[in-house]
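Engineer: Heads up: the sequence lines are chains S and D, in that order. The first sequence begins at 52 in the numbering used here and counts up one residue at a time. The second sequence begins at 1115 in the numbering used here and counts up one residue at a time.
Since the hints were made in silico from the structure, they are not lab data. A portion of the hints provided could be inaccurate.
Here are the simulated DSSO-like cross-link-like pairs (lysine-lysine), alpha carbons at most 30 angstroms apart as the crow flies [said to hold, decoys possible]: (1) K88/S - K1151/D; (2) K1174/D - K88/S; (3) K1137/D - K1163/D.
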Amino acid sequence: MNNPGGDETIDPVLRQMIQEEQVKAQFQAQVHNFTDKCWDTCVGDSRLGNKLDYRTEACLQNCVERFLDTTINVTNRFTQLLQRGATGGMH
Amino acid sequence: MDFGSPPAGGSGVNRDELMDQVKSQIAIANAQELLQKMSDKCFKKCVTKPGTSLDNSEQKCIAMCMDRYMDAWNIVSRTYSTRLQRERGKI
Chain S
52 MNNPGGDETI
62 DPVLRQMIQE
72 EQVKAQFQAQ
82 VHNFTDKCWD
92 TCVGDSRLGN
102 KLDYRTEACL
112 QNCVERFLDT
122 TINVTNRFTQ
132 LLQRGATGGM
142 H
Chain D
1115 MDFGSPPAGG
1125 SGVNRDELMD
1135 QVKSQIAIAN
1145 AQELLQKMSD
1155 KCFKKCVTKP
1165 GTSLDNSEQK
1175 CIAMCMDRYM
1185 DAWNIVSRTY
1195 STRLQRERGK
1205 I
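Bound conformation, chain S alone (with noise of 0.2 angstroms):
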């Protein structure tokens, strides 16, 4: 948390249970970000019932697990790329 010159006045007690509270909320808004995508992927244009079928209960997991995959296959493979110096100018 950004607070210069602040940091002696704040409970430690308060600034761990406020560091908690940011842990979930980003947990949270993580949440939002993978519902959304995988919505428009699972869902997308299909007509909606009663419940969610199989398949798309499925597809959502799967939605999840595999964009996190990607994230750390980009991260890995952009970590690769910037040691061989083949990113021209980027750093």
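Starting from the structure of chain S, add chain D where the hints point.
Structural biologist: What follows is chain D alone, placed relative to chain S:
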């Protein structure tokens, strides 16, 4: 999600009261995000030819869409949480 910085120290401010405020602000922001996403997705899905009011079928569609979106949100939340635990287990 931005919820500003807390007042320094704890003089006169009960830590629990402060944490209740922080938690409720986060919960409100979370609900607002959900509402905004649902409105967006369900408008796209249900109101394909905007008329002079929302007719009965559009309203039913919106209600069903909201329920399905929240189902999807819960699936994504569980999947993400499980995945995080699995990744932590590897460390």
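Engineer: Against the earlier hints, flag every one the structure doesn't satisfy and list their numbers going up.
Structural biologist: Hint 3 is the one this structure does not satisfy, whereas the remaining hints hold.
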